[in-house]
Amino acid sequence: MMRRLALTLLLLTAGVSAADAERLVVSLSNHRVAVTSSFVGEELVLFGTIEPDQPRAALRPSYDLVVTVRGPRQTLRTRRKERVLGIWVNVDSREFVRVPSYLAILSNRPVEAIGTPDVRRRLQVGLDNYLLPQRIGPDTADTVPDDPFRAAFLRLETQYGLYRQSATSVTFLTPTVFRTAIPLPSNVPTGNYPIDVKLFAGGEMIARTSSALEVRKAGFEQYVADAARDHGLLYGLATSLMALLTGWLASIVFRRD
Amino acid sequence: LQIYLPIADLPVNIFLVLGMGIAVGFISGMFGIGGGFLMTPLLIFIGISPAVAVASVASHISASSFSGVITYWRKRALDVALAMMLLSAGILGTFAGVWLFTLLRAMDQLDLVIGLSYVTLLTLVGGMMIWESVRAELRTRRGMPATLRRPGSHNWVHGLPLKMRFKRSKIYVSAIPVWGIGFSIGFIGAILGIGGGFLLVPMLIYFLRVPTATVIGTSMVLTLITMASATVMHAVTNHLVDAVLALILMVGGVIGAQFGVRTGQRMRGERLRLLLGLLVFAVGLRFAFALVVKPDDLFSLRAVGAE
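Chains H and L, in that order, are what the protein sequence lines are.
Heads up: the first sequence begins at 1 in this note's numbering, then just goes up one per residue.
Heads up: the second sequence begins at 1001 in this note's numbering, then just goes up one per residue.
What the hints contain is simulated information worked out from the structure, not anything from laboratory work.
Beta carbons are placed, not taken as given, at the ideal position from N, Cα and C, and that holds for glycine.
Misleading hints may appear alongside valid ones.
[To be verified] Facing chain H, from chain L, some residues (calculated, C-beta under 7 Å):
#: 1; residue: 1066
#: 2; residue: 1071
#: 3; residue: 1080
#: 4; residue: 1084
#: 5; residue: 1088
#: 6; residue: 1113
#: 7; residue: 1177
#: 8; residue: 1269
#: 9; residue: 1272
#: 10; residue: 1302
#: 11; residue: 1303
[Said to hold, decoys possible] So these bits of chain L aren't anywhere near chain H, every CB distance computed over 12 Å:
#: 12; residue: 1262
#: 13; residue: 1268
#: 14; residue: 1278
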């Protein structure tokens, strides 16, 4: 009973403190990305405005915006090669547990200028502050940003175009209207992509909203991928049969006797 | 023209892959081999993961060997009994190979084992072929017959028990080396994504003394069945067979093979073996180079599980 009362009070005060704040309204050009046989990547556009929570509330002169797009979680192993007996062999590896398979941190200016290091760490603003837990013994924990495996992981993911941090992606069309392009490369994993939009002013986060997009294989691509995953045996038999058919057709077409 | 591969999860240029199929098909038709040892590295080179490449090439080889088998069947140039004996062990070898493939992938050592095996196998077999054909070439220069007749050439293999008679090939040998060869070809094929034709043909000739008339046809039957079953097993255990990729490769492969066969028939046997030896050796060196030279990036990533 007491707890519920406290909760109600908390909500009330939150409502009051939010009354003189800003509100974020965002819209995505497309919520569903279909991976078809002609898919070579796509760019989505996120539009948004900053609105006063109450009609006559004043707006601040300038805002900063950070958009974080995260792909479905995935566990990856980062391996390091070393020379053993003259050849290069994977000798050491770290497992990155349930980390985003895609991660874009898009802002209107360098994240270092947007918030204090403490704020950035708490809100995971910037690739260096994003939580990337590694398996350490029975536990998982994130390491310092300059850990060689963490750095290599970020570097490789950035090379593949799956992780990116851009300080010029968010453009303010007017002081309160903004747009940003979300680039999805051709190797983008399928699944749900939560989008987190954070509004900053004076180094603090003042508003936050979320959206989502979905990347799905469609049509034939989906059919093949589902068949391979769910009906391995049938799929394998069908592929073998297809091979035999192709071979047989070739021997008919090119018959010379 | 780009096409998105549903299992490899990346778009490829359809003409590039088709061209690779035709080129490898040409070589395979010319030399009577599957060409997996060329195709798998090529696919890896264009960005397809080694595991998907190995699994998909298996079905590509089934297609090209099946068209070969039909041709040799019409010419009655294959020994079904011998092929079946090789096969009974070959299937076991494939099972073992797919199992080890899965294990090595989990241990992050698949790339290394594939690399090392390619280096050893290819440089060894390639070197031997070059050596043999250079000697044959020199003999013809001196006006001697190109190949030495081996009258009643019996080696230790012929001393083994469990002897069987293979009528079509006109040989009488122990079942033990036949099984051994079948097992190792199935095993190697499943791990490396190669049909093993370039290994099987010399093995059949040198160990079992199978005559040239039936050796390629018989080898193709074995390649066909081991590769078709490797396709099914890879599909069941690793879910990594890309049917779209395989289809493009197959179509290119069977077309290229037809032109390859015609070119091959116009060449002398020794010259052909020398060329194949050089090719195999060169690919082996390429792999050795990749293992010894410091990689551009010491780090690499591999997915171990999705959400």
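Hint by hint, here is what the structure shows:
no. : hint : verdict
1   : 1066 : 3 Å, holds
2   : 1071 : 6 Å, holds
3   : 1080 : 17 Å, violated
4   : 1084 : 18 Å, violated
5   : 1088 : 19 Å, violated
6   : 1113 : 10 Å, violated
7   : 1177 : 29 Å, violated
8   : 1269 : 21 Å, violated
9   : 1272 : 20 Å, violated
10  : 1302 : 5 Å, holds
11  : 1303 : 6 Å, holds
12  : 1262 : 9 Å, violated
13  : 1268 : 21 Å, holds
14  : 1278 : 24 Å, holds
Of the numbered hints listed earlier, those contradicted by the structure are 3, 4, 5, 6, 7, 8, 9 and 12.
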